[in-house]
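Participant: Sequence:
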Amino acid sequence: MAANADVQFRGEKIISNNTPLTNMTAHLFITEGVITLAPLNFGVAGGNLVSYIQMNSRQSPIVTAAEFIAKGLHLNQLFPDSALAAEDTGTMGGWAKLIGHGNSVARMLATANGESALIMDGGSVGELMLRLSNLDIANSLRVLLSGDNQVPIRCMVGNFKAVEGDFIVKDLVLDTAKVNIVGSGNINFSDESIHLRLVPESKGFSLASLRGPIAVRGSFKNPVLRPELGEVIVRGGLAIALGAVSSGVGALIPLLDFGSDQESNCKTLLGEAKTDTGIKTSDMAPRGGNVQNHQTKRKTHDPHRTADRFDVRY
Numbered sequence: 338m339a340a341n342a343d344v345q346f347r348g349e350k351i352i353s354n355n356t357p358l359t360n361m362t363a364h365l366f367i368t369e370g371v372i373t374l375a376p377l378n379f380g381v382a383g384g385n386l387v388s389y390i391q392m393n394s395r396q397s398p399i400v401t402a403a404e405f406i407a408k409g410l411h412l413n414q415l416f417p418d419s420a421l422a423a424e425d426t427g428t429m430g431g432w433a434k435l436i437g438h439g440n441s442v443a444r445m446l447a448t449a450n451g452e453s454a455l456i457m458d459g460g461s462v463g464e465l466m467l468r469l470s471n472l473d474i475a476n477s478l479r480v481l482l483s484g485d486n487q488v489p490i491r492c493m494v495g496n497f498k499a500v501e502g503d504f505i506v507k508d509l510v511l512d513t514a515k516v517n518i519v520g521s522g523n524i525n526f527s528d529e530s531i532h533l534r535l536v537p538e539s540k541g542f543s544l545a546s547l548r549g550p551i552a553v554r555g556s557f558k559n560p561v562l563r564p565e566l567g568e569v570i571v572r573g574g575l576a577i578a579l580g581a582v583s584s585g586v587g588a589l590i591p592l593l594d595f596g597s598d599q600e601s602n603c604k605t606l607l608g609e610a611k612t613d614t615g616i617k618t619s620d621m622a623p624r625g626g627n628v629q630n631h632q633t634k635r636k637t638h639d640p641h642r643t644a645d646r647f648d649v650r651y
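Our numbering applies: residue 338 is where the sequence shown begins, and numbers increase by one.
In case anyone wonders, no lab produced these hints; they're calculated from the structure. Since the model is a prediction, treat every value here as computed from it, not as a measurement. Beta carbons are placed, not taken as given, at the ideal position from N, Cα and C, and that holds for glycine. Check the hints yourself; a few may be wrong.
[Unchecked claim] Derived EDC-like pairs: lysine to aspartate or glutamate, alpha-carbon spacing no greater than 16 angstroms straight-line:
| no. | residue 1 | residue 2 |
| --- | --- | --- |
| 1 | K515 | E538 |
| 2 | K558 | E529 |
| 3 | K498 | E452 |
| 4 | K558 | D528 |
| 5 | K515 | E529 |
| 6 | K507 | E565 |
[Unchecked claim] Restraint-style ranges between C-beta atoms, simulated for each label pair:
| no. | residue 1 | residue 2 | range |
| --- | --- | --- | --- |
| 7 | P357 | F557 | 26 to 36 angstroms |
| 8 | Q414 | K498 | 28 to 38 angstroms |
| 9 | P564 | V344 | 52 to 62 angstroms |
Whenever a hint applies, use it, and build me the whole structure from the sequences.
Facilitator: Laid out in structure tokens, this is it:
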């Protein structure tokens, strides 16, 4: 007979080797082989994570349904060992709602169905990478000889739909002071392959710059960047890039957790938009990483009906 349990946990600070966790609240249910964490909330990297996880061990392999919302994560705290941690002031957030099967995180991602999205305001990226993505040969040689400087990121948005482990790009935009990049394609966790098409738009001028799309192909370990020389991009400014972005990504802006008086590049670029993601940003934990007293519409919980909240049929 399967063991049943109902356990609640609360911790003010969880010490770890990398990033400490704060204000953790967890409620664990085990009901006839179905394990549910509803919720699992904690503060991390100056922001907070709200999550609901359910694992059905009655099936083999295990079926896992997970829902995450991350808000106000500071990059310099999220990656404290990075050489740029002292100066990297970027903030990021995102959400995911996925269902997959497998006895590891890798297998779950390889079979995942659902949606996910992320947004980043600030941070930095290597100038050499931006030059190469724009196939700016002359300036790339200069950067190689003089060193790879970091270019501030104004805004990055990624929005994906997952189908059997294949994460299909709905929106992918990177905006810096030097180049804009709009992406399409897919990232497949089933065979660990990348199939992306990047359309760069340089904000500067170089005589050796090739103005075509870039194809990113290959495996996670060995991606290959090559030009699509058969097509030349007509330059139309940032408006064209943002015109490719669906209005729903505006719902990601609150995940950056800026104060109402603080300027946000992403907010300026994308503007305000109503959510169509299916996850309400009002359900997120309050600002400042304090999830201890967080109240959501999902407070009432019936462990016998947890399958229904994820729309999983066992």
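Participant: State for each hint whether it applies.
Facilitator: Structure-based check of each hint:
Restraint check: the Cα-Cα separation between K515 and E538 comes to about 9 angstroms, which is no more than 16 angstroms; the hinted pair holds. Taken as a hint, the K558 and E529 pair is honoured in the structure, with Cα atoms around 8 angstroms apart against an allowance of 16 angstroms. Only pairs whose Cα atoms come within 16 angstroms are accepted, and K498 paired with E452 is accepted, the gap being roughly 4 angstroms. Note on K558 and D528: the hinted pairing holds, with a Cα-Cα distance of about 12 angstroms set against a maximum of 16 angstroms.
Simply put, K515 and E529 have alpha-carbon atoms about 31 angstroms apart, too far for the 16 angstroms limit, and the pair is violated. Between the alpha carbons of K507 and E565 the distance comes to roughly 21 angstroms, so the proposed pair goes past 16 angstroms and is violated. Checked against the hint of 26 to 36 angstroms, the pair P357 and F557 passes, with Cβ atoms roughly 29 angstroms apart. A C-beta distance of roughly 30 angstroms is found between Q414 and K498, which places it inside the suggested range of 28 to 38 angstroms.
Between P564 and V344 the beta carbons are some 56 angstroms apart, a value that agrees with the proposed interval 52 to 62 angstroms.
Of the numbered hints listed earlier, those contradicted by the structure are 5, 6.
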